[in-house]
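Trainee: Counting in my numbering, the sequence shown runs from 2 upward without gaps.
Hints listed in this document are in silico derivations from the structure and should not be mistaken for laboratory results.
Honestly, I wouldn't trust all of these hints.
Calculated pairs, DMTMM-like style, for lysine to aspartate or glutamate (alpha carbon to alpha carbon, straight line, at most 25 Å) [what the hints assert, rightly or not]: (1) K20 - E73; (2) K54 - E73; (3) K39 - E73; (4) K39 - D57.
None of these values were measured; they are calculated from a predicted model.
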Amino acid sequence: IPSILIVMLCWLPFWIYLKFVFARIRLGLLTVLTMTNKTSEVASTLPKVSCVKAIDIWMTTCLAFVSSAFIEYAIANVLLNREERILKPEVPKCREVLFKPETQPAVLVV
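Generate the whole structure from the sequences, applying the supplied hints.
Mentor: Below, the structure written as structure tokens:
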């Protein structure tokens with residue numbers, strides 16, 4: 002049951018506005034670290050055997066779902082930033098003095 006709740010929690014950031022980066026990253030990172038901790042906890046409590054156990058497959062699948070949600074947000078964030086850069090005009094990042102001799106003597110861009 003805890004792994005199901007963690008997987009459900011990892012999909013919660015999809016309801017958060019895309020530009021709230023820190024909230025989405027915190028929830029995504031929290032779920033990834035929690036699933037990693039649960040996976041290692043389960044592996045340490047069970048006896049060592051040479052074959053793959055069903056709980057290993059279950060925990061790996063849950064970790065894959067949690068990680069894919071985190072990766073999906075990273076991709077969405079990159080695409081959003083790319084779209085904003087295309088739509089927004091380029092602004093100089095450092096202080097520059099632009100001279101326009103015909104209209105204005107000098108313009109300071111910050």
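Trainee: Give a verdict on every hint.
Mentor: Verification of the hints:
no.: 1; hint: K20 - E73; result: holds, 14 Å
no.: 2; hint: K54 - E73; result: violated, 29 Å
no.: 3; hint: K39 - E73; result: holds, 22 Å
no.: 4; hint: K39 - D57; result: holds, 11 Å
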